[in-house]
Each structure stands twice: as structure tokens, then as C-alpha cells.
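Visitor: Given the structure of chain A, go ahead and fit chain B onto it with the hints provided.
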Amino acid sequence: MKDTHTIAAISTPQGEGGIGIIRISGDEAIRIGSKILSHPSGKKITFWPERQVRLGLAVSPDGTIIDEVIYFFFKKNRSYTGEDVLEIQGHGGYQNLKKILTYTIKAGAQLAEPGEFTKRAYLNGRLDLTQAEAVIDLIRSRTDLAHQVALTQLRGELSTVIKEQETRLLELLVPIEAALDFPEDEIPDLEREQALNVIQTVQQELENLLAQADKGIILREAASVVLAGRPNVGKSSLLNRLLGEERAIVTPIPGTTRDFVAETIDLDGVPVRLIDTAGIREIDNVVEKAGVERAWQIIREADLILAVLDSATEMSREDQEMINSIKQKKAVIILNKTDLPVKLFSEDLRAKFPGYTILSVSAITGVGIKALKDVIREELMGICGTDEHPVLVTKLRHKEALEEAVERLHSVAEGLQLQCSEDLLAGDIRSALEALGRITGRSVSEEIINEIFSQFCIGK
Amino acid sequence: MKKNYDVAVIGAGHAGCEAANAVAKMGFTTLLLTLNFNNIAFMPCNPSVGGPGKGNLVREIDALGGLIGRNTDQSHLQMRALNTQKGPAVRALRAQTDKHLYQQLMQYYLERQPLISIRQGEVSMLKRIKNHWRVTLNTGVCYEVPVVIIATGTFLRGKVHVGLLSYSSGPQGQHPSIALAENLEAQGIRFKRFKTGTPARVRKRSLDFSRMIEQPGDGVTHGFSHWLPWEPKKPISCWLTYTNEKTHQIIKNNLHLAPMYCGAITGIGTRYCPSIEGKVVTFPQRDRHQVFIEPEGLNTDEMYVAGLSSSLPEEIQDEFMRTVPGLEEVEMVRPGYAIEYDVVAPDQLLTSLQIREWPGLFCAGQINGTSGYEEAAAQGIVAGINAGLYLKGEEPFVLQRNEAYIGVLIDDLVTKENNEPYRIMTSRAEFRLSLRQENADLRLADYGYKFKLLSDQEYQTFMEKKEKINNKLSFLETTYLLPGSVEADQLKKETGVDILQKTSLRQSLKMPEIQLTVLWKTFNQQSNQTTEEDEVVENLIKYQGYLEREAKMAERLQKTENKKIPSDFDYFSVPNLSFEAREKLNKFRPETMGQASRISGVSPADLSALLIWMTRSRKK
Numbered sequence: 001m002k003d004t005h006t007i008a009a010i011s012t013p014q015g016e017g018g019i020g021i022i023r024i025s026g027d028e029a030i031r032i033g034s035k036i037l038s039h040p041s042g043k044k045i046t047f048w049p050e051r052q053v054r055l056g057l058a059v060s061p062d063g064t065i066i067d068e069v070i071y072f073f074f075k076k077n078r079s080y081t082g083e084d085v086l087e088i089q090g091h092g093g094y095q096n097l098k099k100i101l102t103y104t105i106k107a108g109a110q111l112a113e114p115g116e117f118t119k120r121a122y123l124n125g126r127l128d129l130t131q132a133e134a135v136i137d138l139i140r141s142r143t144d145l146a147h148q149v150a151l152t153q154l155r156g157e158l159s160t161v162i163k164e165q166e167t168r169l170l171e172l173l174v175p176i177e178a179a180l181d182f183p184e185d186e187i188p189d190l191e192r193e194q195a196l197n198v199i200q201t202v203q204q205e206l207e208n209l210l211a212q213a214d215k216g217i218i219l220r221e222a223a224s225v226v227l228a229g230r231p232n233v234g235k236s237s238l239l240n241r242l243l244g245e246e247r248a249i250v251t252p253i254p255g256t257t258r259d260f261v262a263e264t265i266d267l268d269g270v271p272v273r274l275i276d277t278a279g280i281r282e283i284d285n286v287v288e289k290a291g292v293e294r295a296w297q298i299i300r301e302a303d304l305i306l307a308v309l310d311s312a313t314e315m316s317r318e319d320q321e322m323i324n325s326i327k328q329k330k331a332v333i334i335l336n337k338t339d340l341p342v343k344l345f346s347e348d349l350r351a352k353f354p355g356y357t358i359l360s361v362s363a364i365t366g367v368g369i370k371a372l373k374d375v376i377r378e379e380l381m382g383i384c385g386t387d388e389h390p391v392l393v394t395k396l397r398h399k400e401a402l403e404e405a406v407e408r409l410h411s412v413a414e415g416l417q418l419q420c421s422e423d424l425l426a427g428d429i430r431s432a433l434e435a436l437g438r439i440t441g442r443s444v445s446e447e448i449i450n451e452i453f454s455q456f457c458i459g460k
Numbered sequence: 001m002k003k004n005y006d007v008a009v010i011g012a013g014h015a016g017c018e019a020a021n022a023v024a025k026m027g028f029t030t031l032l033l034t035l036n037f038n039n040i041a042f043m044p045c046n047p048s049v050g051g052p053g054k055g056n057l058v059r060e061i062d063a064l065g066g067l068i069g070r071n072t073d074q075s076h077l078q079m080r081a082l083n084t085q086k087g088p089a090v091r092a093l094r095a096q097t098d099k100h101l102y103q104q105l106m107q108y109y110l111e112r113q114p115l116i117s118i119r120q121g122e123v124s125m126l127k128r129i130k131n132h133w134r135v136t137l138n139t140g141v142c143y144e145v146p147v148v149i150i151a152t153g154t155f156l157r158g159k160v161h162v163g164l165l166s167y168s169s170g171p172q173g174q175h176p177s178i179a180l181a182e183n184l185e186a187q188g189i190r191f192k193r194f195k196t197g198t199p200a201r202v203r204k205r206s207l208d209f210s211r212m213i214e215q216p217g218d219g220v221t222h223g224f225s226h227w228l229p230w231e232p233k234k235p236i237s238c239w240l241t242y243t244n245e246k247t248h249q250i251i252k253n254n255l256h257l258a259p260m261y262c263g264a265i266t267g268i269g270t271r272y273c274p275s276i277e278g279k280v281v282t283f284p285q286r287d288r289h290q291v292f293i294e295p296e297g298l299n300t301d302e303m304y305v306a307g308l309s310s311s312l313p314e315e316i317q318d319e320f321m322r323t324v325p326g327l328e329e330v331e332m333v334r335p336g337y338a339i340e341y342d343v344v345a346p347d348q349l350l351t352s353l354q355i356r357e358w359p360g361l362f363c364a365g366q367i368n369g370t371s372g373y374e375e376a377a378a379q380g381i382v383a384g385i386n387a388g389l390y391l392k393g394e395e396p397f398v399l400q401r402n403e404a405y406i407g408v409l410i411d412d413l414v415t416k417e418n419n420e421p422y423r424i425m426t427s428r429a430e431f432r433l434s435l436r437q438e439n440a441d442l443r444l445a446d447y448g449y450k451f452k453l454l455s456d457q458e459y460q461t462f463m464e465k466k467e468k469i470n471n472k473l474s475f476l477e478t479t480y481l482l483p484g485s486v487e488a489d490q491l492k493k494e495t496g497v498d499i500l501q502k503t504s505l506r507q508s509l510k511m512p513e514i515q516l517t518v519l520w521k522t523f524n525q526q527s528n529q530t531t532e533e534d535e536v537v538e539n540l541i542k543y544q545g546y547l548e549r550e551a552k553m554a555e556r557l558q559k560t561e562n563k564k565i566p567s568d569f570d571y572f573s574v575p576n577l578s579f580e581a582r583e584k585l586n587k588f589r590p591e592t593m594g595q596a597s598r599i600s601g602v603s604p605a606d607l608s609a610l611l612i613w614m615t616r617s618r619k620k
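So the sequences go chain by chain: A and B.
Numbering (our numbering) for the first sequence: 1 to 460.
Numbering (our numbering) for the second sequence: 1 to 620.
Pulled out of the complex, with its shape left as it was, chain B reads as follows:
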């Protein structure tokens, strides 16, 4: 039995899979441990990937050479383009996936990676021995590895609630991980409790779709992946229906049986993904709430009831569902439930996702207090890359807030006191217009190639795309519209815009009336089909002013990010810090002045005091 690997990844969910793939691609032997080999990349909640912010994360992971994008493209049931009319910054793809196919594809992909060994087993103990970690399974088998990545999702001391019934469990009836949590806690890792939940699943044939509104997929022209050719599939529809006063009345009558409201749950729940009982209590003025019925896969009759997440007793869930149009005869497959679990108090994390003071121990995914497959995968790939860099003895890979949503996510995690599972949102990004989904590869592919997560061939594709973009930009720059020319006349016919003086195409594209497709048509350059390069080119030109402003802001940010704070800095030696700032800074131990400025409770006054003091102590 092979006992020595470079890396052990504990957990094969969305974070664990990306982490294992990344570090293995960097050339390190990787042991991927899972509680159940059948549940690799399992989606315990919504069978959906993407949306605003989340979709950007998927594109970024893909640009770095991660798996979630390609795997989603290959297993999608329908794909929609959201926010198409609200501007380039917030355009987002969202996919419904076949959750079973998603798992199979991910499992098979990882199985084919020569440096990855997947092993079923429960880790019960981690121990630091010299500069190695000993990973012990509950069967007594031990592995010796220099690096461990913990990606245990909601399994650590998982506790499921359905009404007043509660029991130790992982998600959807899986085995929880208790021994490991106790072992880590005994060694000084601090945990806090979070809560999340999921709705019931129902049987397709028990539903009356004639009473619902069909939500078909869009004819999108590309998927998430930069590297796989887009293969559209015959879209499978989702269905929309609504709750009503009757539904709400049943819920109100039974609140005393809801663990969130009778005090049985101590963990903190999410605001963006509330249970139906939460919505009814918080928004009593609403007379209805949306319910989306979503397919879970092609080869199953199970359907997901989005919007009715609940931890009321199974019978009550059944009762209130029956008041919803189309669900009158509903047959429940599994009830909704709430789950509480341990998360690592994030002040223990460095931006590399390593635990501070625990060299070689990284954490990724829901264990760090996030929610969502995309957020987990993002941390997975970063933890994987940083595990590789740690093994090589190189500086960690830290994405800045102006480079990627991944940077925003991790920076928020390590500088903010999150009281609920963290979800990415576009409104968390200061550089929203720069972090568009269509330019993810332009922002990140160089890193992906540098770390060997992208193949030569993939990088070649990227370089060709970049060249095409540059060619198009220079064509627009050097081609002119002349007043009275055939082209100008045609443009006027198409857009109503009069060209009164010699204007470069680039200049003309800045006019709101003129779209790039029209210019191509006018100049017989190509068909109207919008390619990804065109989207980049058009956004670069149309939003140049805004992008330049963000670039200036980024420069200012970079200055504060370049001011490093020594890791052993003694905040208690700075008498001028406010009490709150001192406590917070000492707790989060920011790595840079930029991070310090984003910790809540640290005021500009504290920052100037800190700056003065750092300069002083450097002089000494």
C-alpha cells in the first residue's frame, strides 16, 4: 500500500476536486480522500451552476485551468444568459445540470489523472510530525504527507434538522465527520457553527405542469469553458409557480415546529437563501413567493423545488406544498432539511488559504464559511495551487480584488467577520466592470499556464484569441468612415447616425447607437455572429472611460496592498489604535495595509496611526 504522497486532500466535493486536480497538474502526487466514492462532486442542493458573480467565478476557475466550467458545460440540461440588458459587467450564464452526469464526469476525469489516487475512507486524525502530517483513517491506515488540504464541506459535526427531529448526519443522508472535527479542535483550531438548508425533492409525474409557467433555456452561443468547443444540448425546461396565502398560513401555524424559530438551531443561517418559513416571517407583506421546479437529471424523475427550502416537519412540508398550484398531488421523494456544521473561524486563515501557524495545512470550500459550489471550487483551485507552490518553496498565489472575483472572495473571507455562509455577489466587487465573465481568460490564463494547469495546446488557443482581438482592435483603429462614402451611407441606413467628419471605426463604436456587428456588416468583415472576441473588443472600446477609472482605482489599491505588515506585528504596542481596531487587527492579522483597511472597525484614524507606528518601528 502506497503511504507517501505529496498532498492529501480530505473531501472530494467541489473544492476537493479542484484542489486535487490543480496540485496534481503541478506535478505532485495527490491522495484524494472521500467518505464515499459514489459521491464525488455531489450537488446536495440546487442542481444549478452560475448566475451573477457565481458565473464569473466559474469562468475564472476555467481560465485558470479548473474543472467546474467544462464539467458544467458537458452535463448541462439548460443554459440561460441572465442580465443580458443590464450591462456587460453583470451578464452571467446560469446552467441547470444533470447532477448525476456531473458527478460521473468529474469522477471519471479525476480517475484518469495519473498523479491522483482516489481513496474511500474517513479521516479521523491529523497530526503534525516534524515537517510532515500524518493522516490517519478510522481503519487505522496512516499516510505521511507534507501538505494537507481540508475540504470537508458541511460534514464536520454535521447535524440535520427536520422539524423537531435532529440527528448527526452529513448532507442528504451521508455519514458525518465527527472524529476529525474533535481532533482538530483538540489541537487548537477554532470552529464556529453555520447553518444551511435545502428544499424537498419531488416526483416529476406527480406534478401538474399545466398550472405552471414554463421556463425554457436560451439559445446561448457559448458555455462556461474557454477550452471545450460549445455543444448545445436540447434544453430541458424549468417551471415557475407561486405560493399563496394558504401556504403562508400553514407555515405560520406551525412555526413552533421550525427548528430555526423554536431555538433548536444555534447555527447562523443565510439571508440570500432563506427558508420559506424565514421568508414568511421576514416579509409578511408579500402575498406570494416564487417556486421554481427544476430537473435534477435526465435519468431520474426527481425534481428540485427551488424557493421552498424548509426544515419544518416532513408532514407540514407536504401539507404546504399541496397548496401551491401544480403541486396539489405532490409526491415527496425526500424532505427538505436544515443542516448545521463546523466552519473554521476565518481569522485563522491566510490569503493563501493556509491556516496561520500550521504550515502545509490548507482549508478550502464550505469549511471556510462559504456557500455554493462555485465559491467552493474557487477556493479549491487556489488552495491546490498554493499547496503546489508551498511544496516548491515559492511565494503563495494571491489574486487581488481588481484581478478576479476569486480575489474578492478570498479577501472578504480573511478580512470580514461573516455571520452567515458567504456568497459571492457582483456588488461585493469594486472593480465590477473589469471583472467581466467574457474577459476571464485575458485576466487569468497566464497564471493557469504558468502553473501548468493549462496545457500547451490550450494556451496556444488563448494566444490565438488574443491575437485576433488585437487584430480587430487595430483594424478599428486604422479604418475610417469618410463622410459621403458608401460605408457611411450604409451605416446611416442601419443606425441613423450621420458621419460628418472623418471618424475612425473605434471612435464611432463609442456612440451608443453603433454596435460592432453593424460595423462588421458595413465593412463586409464577417457574418453577424457575435464571437467572444467581439464581445471583448466592443466592451474595451465602449467602456474605455469606465475601465480607465477602475484601473486608476486599482493603482491606488495596489499601493496599499504593497505595504506589507510583518506577521508578528504587535498591535498592542500601538497605543493610538482604538480598542476595537486593536482587537480586530490582532484577530485577523492582515497581511497588508490594504487588508487592514477592509477590516470593519478599523477607521482611517487607526490606519494612519498604524502607518506612523510601522514607519517608526522600522527605523528602530
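Isolated chain A (complex conformation):
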């Protein structure tokens, strides 16, 4: 019946490193290991002690020595994946590692898919969902800051914060439930004011998490920053300048950047996906029209819009309409081409578009680009990612659960003040707990009942 194969992969990044690791996971780990490894003396390895560093040789099927290696063996249920795991450390050199991996696969292993070790760890109950997701993020994290956040989550800090709130809510809920189920026993009445305090404290804690959530999601997914503007204002040049290298095709003929160019950059730790749209203007050409529609779609979904104007020409109707049409979005107005004689001044724009940050830059010379990068980062992240404002929530799933919990608690707070009946209050607290449980995996229904009996003397 069994069909979970043994998997193998190089677990260290590609490139020239001091050492490189090959990880093999599955029931066949030892059988495969004994084919590709030998004792330093050249003898076959028959003894695989658990969790001990051993010296050995990596050999090809014809007995040629590829590398001198050390290896560890982890037994099923005591390894990362929950399966038998063999880790082989070779002496760096990507070619060497690749050779060993090739023989590992010849010996019967299958090449692991990205994240497959973690997936197995999750399926075998070695990691909870939050942790597994954090590991995947860690592997995929694009920037240092994103990496840090993933690490915090792996250590379970999000769970810790939320579990504290769960405990507070549970302590509040238990006497209410006890009184509902055992009206004839002596259970103290609900102190509404005290309860309100607890609810508001928890609400605040969760809202603090939520306040950073959008930023967390940006750190994980990368923010989408869209360059918008009519053709030939220099969007592509600006994109290339931000990327620090020439990439998009730049021509002075309107409409050449027809498809979208998207590149991800690391803006002081914030992953930013820069998207250049086709010049937005009204056109009859069907093909181009489709492109324009897609541009609007991308603009609607953007986290930030860079509205690019040409400072060397007068403001056109198109420019005006473009800025009007993105009123609902977070945007920065950029006056490009300051290297040319200026006809459109930032002072005029400031009067016209109050509330917008307006920056003058030259994509050609690089003037103002540093300031632009700072503005983008600040618009996206504010003051997050510092010690006082740690980012813990990076998943949409978590954000939604938190939002639901906050909404339920809001209803509890309102109910407490409006003298709502206890069954409704208890119901809302339970819903909040249920929502939080989707993050921590804690199911409280049995806990409530156990607590009722351990705290109150029930039974007439």
C-alpha cells in the first residue's frame, strides 16, 4: 500500500560555500545511504547510530571516491520530517554535491519538491500549521526583514501572544458557562465592568497584531508598487533606475512598453515588486485596449502607485485624469525628467493635489532616486519592523481570523454595555476563541467543560 517514496535534495543554497548538505528522508534513507557512502577505510557501513557525527566517504557506484563527508542519522519520529533522515555534509563545491545527489537518486531516492521536507514534517505532526508556514516563509523569504519575521513566527511568538489572549478569554468564559449550565448551583454573577476590561484588553492586543498585519503580508508577499502615467513620461527608465540596471526596453515611441514589466527589489529589507504598466491612454486599437484594461486591474490591486508625470511638458488632460482616477489609492506623484528644462513645477502641483507627496526626480541622472526609495518604504511600512512594533502576522488566513475575533469581541463589549443576555455574550466569546483557535490550533470546547468542573463545585 505504501507509496511515500524516499526523497533527497541539496539543502544548502547553490554557490560556493564552505560546506554543503544533502538531506535524504524516508524509509529507504539507510538503504540508499549504504549505497552512496562507505567507511573511511572503504568498508561498507552496517551500523547507523542515531544522532552521531560520523566520518565517511561518498562513493560512486563503481567505487570512485567523490568526497570525504560527515553524516548524521536521525531515526523516525525523532527527526525534522518525522521519517528516517540521513544528512550528508560534503566539502562544498556545488559540482561535488550535485554528483552525490545524482548517485543518491540513482540509488532509489526521488528529488524532493520545494518545501517537501517541511510538508512531510507537517503531515507527520512534527510542526503545527503556523510553524510549517513559517518554515516555508523562511526558505522563501526575500529580504532580511522578512527572514527575521519568519524566524519569530517559527519560534512560536505569534502563537504565544495569541494563546495569552485565549487564556484570558477562557477565564472570563468559564464562570459564565458554568452559571448557564448550573443555574441552581452557587456560581457568582457576571461582573460586567470587570468583564469589559478583559475584553477591551484582549481586543487591544489583537488590534495591535492586526495593525502590523498588512505590513507582515507585504513582507511575505512583497508589496506591489505600480508605475502609472501616460506614455513616454519615463516610467520604464524610472523602473530601470530603481532596479539599478537596464532591463525593460526603453524607446521614445509611445506605446512600446505594451506588456508589463515586473521586478522585485529589496528596499532596505522590504520586498517590493515594481510593475510598469502600459501607458494609460484612450486608444482604439483592440490589442492595446486589452493591455490598458489590465493596467487598470493592476492599479486597483496595487499597494502603492507611483504616478509619473513629465516635468518637461505641460500637464495634459490625460495626466489630470490619471491622477483623478487613482484618488482612492495610496499614491506618490513623481515629476520625472528634471534633467530637462522644467515646465511643470512641483509648487503648482502641490496646490492642485493637496495631501500627496510630490517628488522631483531624474531617471536619467539619478537625482532624487534615493529620496524616492525612502518615500516608497515609508509609505508601505510606516514604522513597523522595529522592536516596539514587531510584525507577527504575515498570513491572510491569520489576518482574517484575527479580524473575526476582534469583531466578535466588539460585539461582546457592546453586549456587556447594553445588558445583553449571558447566552449571547458567551456565544460571542466562544466564536472569538474559535477564530483564534484557527491560528493556534487550540480547541477549547473540552477545556471549558473541564474548567467548569475544576473551578466550581457543581451538583445538587
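Everything labelled a hint here was simulated from the structure, so no lab data went into it.
Careful: at least some of the hints might be erroneous.
[Claimed, not checked] Below, computed lysine-lysine pairings styled on BS3-like, alpha-carbon distance capped at 27 angstroms:
{"hint": "1", "chain 1": "A", "residue 1": "Lys119", "chain 2": "A", "residue 2": "Lys75"}
{"hint": "2", "chain 1": "A", "residue 1": "Lys163", "chain 2": "B", "residue 2": "Lys552"}
{"hint": "3", "chain 1": "B", "residue 1": "Lys564", "chain 2": "A", "residue 2": "Lys119"}
{"hint": "4", "chain 1": "B", "residue 1": "Lys552", "chain 2": "A", "residue 2": "Lys399"}
{"hint": "5", "chain 1": "B", "residue 1": "Lys502", "chain 2": "B", "residue 2": "Lys542"}
{"hint": "6", "chain 1": "A", "residue 1": "Lys399", "chain 2": "B", "residue 2": "Lys559"}
{"hint": "7", "chain 1": "B", "residue 1": "Lys552", "chain 2": "A", "residue 2": "Lys76"}
{"hint": "8", "chain 1": "B", "residue 1": "Lys521", "chain 2": "B", "residue 2": "Lys468"}
{"hint": "9", "chain 1": "A", "residue 1": "Lys399", "chain 2": "A", "residue 2": "Lys119"}
{"hint": "10", "chain 1": "A", "residue 1": "Lys119", "chain 2": "B", "residue 2": "Lys559"}
On a predicted model such as this, the values are computed, not experimentally measured, just so you know.
Guide: For chain B alone, coordinates are given in the frame of chain A:
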């Protein structure tokens, strides 16, 4: 002698009576076997029915066409409405009953059912012969039936403890059932031991009620039954008094004589119904505990001492009772005791209450590890209906957790490792606001009628009630309060609420200040008397938001309930399951993914692994 019936029900307690009634109403000849014809529907413990959760069960059983509701209404001594200020979800009726009258009425009702034969006799053997069961009595008489329902309560290998004295016995000095337990065990049914207990009974005239607080009944406007007209009786009071330090000291001094504390009892006791020695040990900080003195009937002087359940020696029970105000001169009629008994390990049960792999053999009541007359009756009616459906070759009747407390109860039984007799509680129900006692018929009467447990006439009553509800709802929907109108002025006088714009009555009822009775008064619709329909209408409108949320939750639940797991699914073939989950799943053999998710030790990770694997094996 008639030897062939469609169904044999073993035991005529609260589960057995409901089971026999249900399956007989479905048109099947039913043999109801009891150890003692005098003890049908006997209440060996508290002479009380209902309370939060339990009262909902009674209403649900009644809505399906069961007996406990009507029988309680007819034999009640007092009725109280509990939790009246704590919201519609937890409002509950509780009745003190005349236990003797309760028995007589139940016996007489069953005797009049043409398809039920009640027979006194001890079943000593069950044997599967082809597709029939042979039920053998200890007298050697045999019956051949396709379906058996076992509802033996606490009788299976019952063992009573009073102090260090212990002996084989059923409850309150009745004959235990030993041979049957041994016979079933030999055939492979696995049992575990549970323990329960009851307090002493005392003589009324030996008590000094002047030293206690009177607990009169309420003037409730309806009883449990949807079908019988409510006939209030002159309420008989209960009495409240308290234990004190002296009581506790005597108990502490004698703990070495308590079977629960000296190791004589191996069965597991209940947390919600602890003995007084249990309360004293677990809650040493409490300086007193409540003691309720409750009447057992109109034609008896015996009274029940709620709160002093004990298995200490009779003399010690007598001694500590005398320290309680009003009980100084107490005369004991019977001592309290603890009883240990066999329960079927619940992982053998299907949601239909049939034993897995034993076609046509159903279990109901305390034998399944529950406690309480209401819980027993609930399983009885379900087992009865499922016995009938089995005989017809139809799919079993399974109530979902969002449909009824009965659904919660049975689902909990088959998915949870209960370490004590199971008692229903409102906090076990995720859909508490939907499972109100006043809408039990709206949730369940259609089933009751479909299975023929409700008569045409009863169903007609129900349809009329439903129509009244709809009429009231549409009146509220289409009638408006206009600013400055006579009605708006009167409403302001009554409630202080200003109507500033055209508002439908339905909309106005959502305001916390406005009650339906006030609206009726304002619009001269009827007297202030709150009818059951009004309660339904008011709750539907006032709690609409909450009810809609529960409905959404129910939809999500339904999705997982619709994912069936093949009964022969090999959990050991799923390598990604955690060790614990694999063991538990293999033991409980959930019928749906929903059930699997409620088994403790089965994590979301296990569930996704299971889902992946099920999809895979289906493809193969």
C-alpha cells in the same frame, strides 16, 4: 406463547420505554422485557426532569413523538422556569415529579399500545442465528427477533457500595443482570466500568422545615409537551438548607470508610454529580454546600436529599445529616450508595446506536455511558426509530449537531473518550442559540410525523402553529410605525422609544427596549399573554444576526459531514497520520470527516493527510 416479534427491547427504563414506543409506532411488534414489571420507568435517583440542556432534550424527544415530556407534565409536582434572565438559548424548564405516578402513567401508556407486549423476565443470553437474534431468558424461554435493543441501565454486573460493604445489585435493591453481561462479553463486546451514586432518602415528618428556605414552583404557562394541553397543578415545594463545617469534619474523619477514597471502587465517577465526600475533598475552601430536600411523590412521605449523595457507611451518613439545619432529628428511609456497572465501550457504537459489526443490535441509555433520564430517553427514541428503519431496510436516522441536542449527545458519545457518565450541557452545543427549547417542534416534528411517531392530529396542530407563526411574522413585516401616529405615541409611552422615521414592526422589534407584547398591545392584536408562537417570533427577529451566523457555521459543518469515510478504511495505510491519530481513528472509526475532526488527538494536520489519502485511494 408468542415467540416471534420484530423487536426485543431489553430493559424498561427511560431508554427502553421510548425505544419500544417508537418502534411500535412505526408498525413493528415489540417485546419489552423487564426484570420487574413493577419498576417500569423507575427513577432510581433524583425525582426531577429537565434543566438546561436536559430540558431541551425532553422538548426534542417530545417533538419527535416521545413520551418523557408528556409523562413529566402529567406527573409533575412543581415546575420551574430556569435561566429566565440569561437569554433564550438557555431558558429551561425543570420539573419535580411524583416518581410513583410517573411510573404508573408510563406503564399504563405502554400497556395500551397494541403492538407492545411487556414481559417480566431476565435475559441471560443473546445469540446471533443467521440473520436473527435468539433472546433466551433465565427460565429457558426463547424469542426469535431480527432486532434487539439493549437498554439495561446500571444493571449490568451492578455492584452497590455502602461504606466498606459491597454486593451485587441493581439500583435501589433490585436484581442485577450478570449472566447477560458475561454472555455479551464472551461474544466480544468490550465493557468498561462506570460509577454513579445517589443520596439517602428520608422521612418527611422527621424534618424541621422551619429551619430551611422554601423553594416554591413558578407559575409557568406551559409544560414540556407540545401536544398535551398544559394543566398546572398545585405546586409542592422543595426546601433548601446547607451543610456546615461540622458536617465536613465528620466526612473528613471517615474518608477511610468511603469506597471512592479507599480504593474499593474502580469505576469512574461523575464530576457534575459528585458525592458529598467528593465535594469536601475537592473544594476544601468551601464552608458550606447546598442541600435540597425534594418530595418524591404525593402519596409517600419519602423525600430526596439532593446534594448529599454518599457511599459512606449508613451510620456515618446518618451522623453527618444530623448536623444540617432542619435534619437534626432525621429518620433515614434508605441510605445513599454508589453503584458500579458495565458500559459498552463507545467506540463500538455507530451514530445509529447500532453496535458496529453486529447488525440489528442496538444499545441505548446508561449502557452507552450516559447519565440522566433525559439522555437515556433521547437515545431510546433514536434507537427505536433506527431499529424500525433497519427493519425497513432504510438509511439510519442521524440528527446533526446543528439540529438537536440529541445530535450533540450521540455525536459526542461516538467520537469522545468519555471517562465519566456523560451528561448533556448547553456548553457542549456549538449551535446553542439555534437549539432553543421553544423551537424543538419546528426543528423536529417533521421527522416525528414522517416516522409515524406523531399522529395526524398532532401534526395538524403543529402545522397550525407554524401557520400562526408565519402570519405573525408577515404582520410584523408589513405593518409600519409612522412618526407622529397614535401607535408611535403609545409606544413611546410604554418604552420611551421615539419613532423618527417609517419603521416596520419587525425592524422596531430589534431594538432592545421593545418587546413583542408591547407591540401587540399597541396594535390591539391580542392580550399580553405570551404564547409559544410569540416566543418563536420574538427570538427569530431579535436574534436574527446570531442565528444567521450559526446557520453559516452549520453549512460549513455540513460540508465535512457530507464527506463520508468508507467503513473499512485502512488508517494504517496512511503513513502521514500521527501515531495517536491513527490509533484513535482506527478505534472510533468515524463515519464522516466531521466526526473525525471531533475525535481528540486528531489534528488539522491529520485531517488534511486523511483527506489527501482518501482522494488518492478513490482515484486508484
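Visitor: Hint by hint, note whether the structure agrees.
Guide: We went through each hint and held it up to the structure:
1. A:Lys119 x A:Lys75: Holds, at about 18 angstroms.
2. A:Lys163 x B:Lys552: Given pair Lys163 of chain A, Lys552 of chain B holds - Cα atoms ~26 angstroms apart, limit 27 angstroms.
3. B:Lys564 x A:Lys119: The hint holds at about 25 angstroms.
4. B:Lys552 x A:Lys399: Holds - the C-alpha atoms of Lys399 of chain A and Lys552 of chain B are around 20 angstroms apart, at most 27 angstroms.
5. B:Lys502 x B:Lys542: holds (19 angstroms)
6. A:Lys399 x B:Lys559: holds (24 angstroms)
7. B:Lys552 x A:Lys76: violated (42 angstroms)
8. B:Lys521 x B:Lys468: Since the Cα atoms of Lys521 of chain B and Lys468 of chain B sit roughly 18 angstroms apart, the hinted pair holds (cutoff 27 angstroms).
9. A:Lys399 x A:Lys119: holds (22 angstroms)
10. A:Lys119 x B:Lys559: holds (25 angstroms)
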